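*Asks:* Here's the letter readout for the chains.
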Amino acid sequence: MTTALVGEQIAKEITELFPGAVVVADKAAVVVTSESLYQVADFLKNTPALDFDYLTNLTAVDYVDYFEVVYHLISLKSNHSLVLKTRCHDRDKPVVPSVVNLWRSADFQEREAYDLMGIIFDGHPNLKRLLLWEGFVGHPLRRDYL
Amino acid sequence: MVIKTEPFILNMGPQHPSTHGVFRMRVTLDGEVVVDVEPIIGYLHRGIEKLAEGRTYTQNIPFTDRLDYVASMTNNLAYVLAVEKLAGIEIPERAEYLRIIMAESMRIASHLMAVGFFINDLGALMTPMLYMWREREKLLDLFEMVCGQRLTYNYMRIGGVSHDVPEDFLPALKRFVAEMPRFLDEYDQLLSQNEIVLVRSKGVGILPRETAINTAASGPVLRASGVKWDIRKADPYSIYERFDFEIPVGTVGDNYDRYRVRVQEMRQSVRILEQAIAQLPEGEVCAEVPHSLRPPVGEVYGHIEAPKGELGFYLVSDNSIAPYRFHIRPPTMINLTALKDMVVGWKVADLIITFGSIDVCLGEIDR
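Top line first, the protein sequences correspond to chains A and B.
All letters in the first sequence, in the order written, are residues 1 to 146 by my numbering.
All letters in the second sequence, in the order written, are residues 1 to 367 by my numbering.
Since the hints were derived computationally from the structure, they do not count as laboratory data.
Any given hint could turn out to be false.
[Unchecked claim] In silico negatives: residues of chain A with every beta carbon more than 12 Å from chain B:
#1 12
#2 23
#3 25
#4 36
#5 43
#6 47
#7 49
#8 57
#9 58
#10 87
#11 90
#12 97
#13 106
#14 109
#15 122
[Claimed, not checked] Distance windows between CB atoms, simulated:
#16 A/120 - B/169: 46 to 56 Å
#17 A/143 - B/193: 52 to 62 Å
#18 A/4 - B/288: 23 to 33 Å
This structure is a prediction, so every number in the text was calculated from the model and none was measured.
Don't be surprised by glycine CBs; every beta carbon is placed ideally from N, CA and C.
Please construct the entire structure, taking both the sequences and the accompanying hints into account.
*Replies:* Next comes the structure, spelled out in structure tokens:
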């Protein structure tokens with residue numbers, strides 16, 4: 001059985017290294033600031049005890065007040081998982097650092113989130129629409145898109 | 001003497017017989033050698049994730065049929081499991097077993113098609129594939145018996161399955177399970193040591209272990225690269241921990257390994273089917289679930305081992321009758337991330353078979 005790591009505990013470890021990075025944490029997930037996301041992700045991947053080598057799912061949710069980008073991480077070796085999240089409040093230009101350098105599986109998934117939700121992944125090598133065509137206007141998965 | 005040539009760009013698809021659907025590859029070639037490949041997708045995009053936000057949880061089940069339409073039953077299962085996790089619904093024992101029976105039959109049906117098409121891409125046009133389709137046909141007949149459909153089943157329900165199997169289903173399934181190992185032996189004999197298959201697929205399209213993990217490849221593609229990771233064992237869902245089966249893995253991650261893993265997985269699925277039939281209890285097949293289901297506020301990520309890899313559903317509920325967010329993690333789209341690594345340096349003909357060995361389904365990639 002994959003053990004879901006307790007969010008609060010991981011949040012404590014993150015705060016020790018990156019003070020102020022954690023926005024909120026509960027049992028299920030850790031929410032970090034978008035500025036510190038890349039460093040936190042790097043820490044989660046390259047710390048031997050955590051060893052999150054497998055980014056299984058990446059998606060975004062529009063909560064109207066803010067966008068939430070969700071990362072489902074798994075460690076294949078230790079068989080544990082963690083949900084990492086970040087939020088961006090700027091509706092016109094929501095920017096989140098890209099994690100393609102850490103996990104290449106983010107490549108298509110970040111493009112999809114950009115395409116359908118309009119999240120800009122800073123540092124993505126090829127950030128263009130994935131499913132819709134180049135001339136398409138808008139981002140259909142946003143709540144205000146009808 | 002080396003002839004210097006300009007690299008040129010070839011658009012393969014979206015209408016191309018070997019691309020298994022409306023898939024387009026923008027291939028940069030140097031002579032016949034692949035220098036770069038960029039997958040271009042979206043031709044079958046129907047906006048399922050957006051549509052699902054306007055329908056109830058139950059109304060969304062038919063959408064899942066239209067993801068990986070070669071293995072619709074498994075998609076049903078992934079979705080209803082996620083909703084049940086979100087709403088905390090217990091399902092009857094018999095329904096659990098029926099779901100396993102359907103999911104494993106579906107795995108065999110999907111792998112038969114994958115292997116058949118793979119051999120087809122290798123150049124053995126149609127004949128081996130139609131043999132595999134002969135077996136697949138028997139499974140489709142079984143599915144037709146339980147729900148009247150042959151492609152988009154809509155059989156699973158939140159809380160169980162839509163109705164019990166008819167009387168003649170189990171004898172027919174038992175017959176299939178008894179016959180199948182013999183057919184697999186036959187295919188193995190004809191294909192697995194066939195010289196042309198070996199020459200064309202051994203050592204071609206290698207996906208190294210580290211790349212497979214880093215690109216989050218899943219299913220047979222990941223296991224062929226030597227990673228023993230199967231969600232049925234690693235994070236058992238439904239009642240998989242009750243069954244005895246093995247996880248076949250490859251060694252180098254070439255096209256041949258991916259082919260072999262699929263063939264061996266079919267044997268394991270037959271084993272699971274045998275056990276499930278033997279243990280199948282009597283009883284109800286669907287739990288009492290409110291007509292308009294309103295799961296509590298929250299979110300869930302449910303994932304299962306679909307024939308093509310990890311199929312996940314990320315659902316967010318705001319306690320209304322429709323999901324607030326409905327996200328699908330499509331295994332084959334993510335498996336395509338590593339396509340470039342597998343084909344650069346190989347010839348166009350190898351590109352076709354390597355792509356075939358990933359076993360994609362465009363319904364799922366484009367959603």
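*Asks:* Decide, hint by hint, whether the structure agrees.
*Replies:* These are the hints, each one checked on the structure:
Every CB of chain B lies more than 12 Å from the CB of residue 12 of chain A, the least distance being 23 Å, so the non-interface label holds. Consistency note on residue 23 of chain A: stated as away from chain B, and its beta-carbon is indeed over 12 Å from all of that chain's, at 17 Å minimum. Distance check for residue 25 of chain A against chain B: the nearest CB is about 15 Å away, which clears 12 Å, and the non-interface claim stands. No beta-carbon of chain B comes within 12 Å of the beta-carbon of residue 36 of chain A; the shortest separation is about 22 Å.
The Cβ of residue 43 of chain A lies farther than 12 Å from every Cβ of chain B, with a closest approach of about 17 Å, so its non-interface assignment holds. Distance check for residue 47 of chain A against chain B: the nearest CB is about 17 Å away, which clears 12 Å, and the non-interface claim stands. With a minimum CB-CB distance of about 18 Å to chain B, residue 49 of chain A clears the 12 Å threshold, and the non-interface call stands. Chain B draws residue 57 of chain A into its interface by the beta-carbon criterion, the shortest separation being 4 Å against a cut-off of 12 Å.
Separation of residue 58 of chain A from chain B is inadequate, the least Cβ-Cβ distance of about 9 Å not exceeding the 12 Å criterion. For residue 87 of chain A, the condition that its CB be more than 12 Å from all CB atoms of chain B holds, with the nearest at approximately 14 Å. No beta-carbon of chain B is positioned within 12 Å of the beta-carbon of residue 90 of chain A; the least distance is around 20 Å. With a minimum CB-CB distance of about 18 Å to chain B, residue 97 of chain A clears the 12 Å threshold, and the non-interface call stands.
Not every CB of chain B is more than 12 Å from the CB of residue 106 of chain A (nearest about 9 Å), against its label as outside the interface. The beta carbon of residue 109 of chain A sits about 7 Å from the closest Cβ of chain B, which is not more than 12 Å, so the claim that it is off the interface is violated. Under the 12 Å C-beta cut-off, the non-interface status given to residue 122 of chain A relative to chain B holds; the minimum distance is some 20 Å. The hint said 46 to 56 Å for the Cβ distance between residue 120 of chain A and residue 169 of chain B, and at roughly 52 Å that hint holds.
Separation of residue 143 of chain A from residue 193 of chain B is about 57 Å and conforms to the stated range, judged on CB atoms against 52 to 62 Å. Roughly 29 Å separates the CB atoms of residue 4 of chain A and residue 288 of chain B, a value that falls within the hinted 23 to 33 Å.
Checked against the numbered hints given earlier, the structure breaks hints 8, 9, 13 and 14 and satisfies all the rest.
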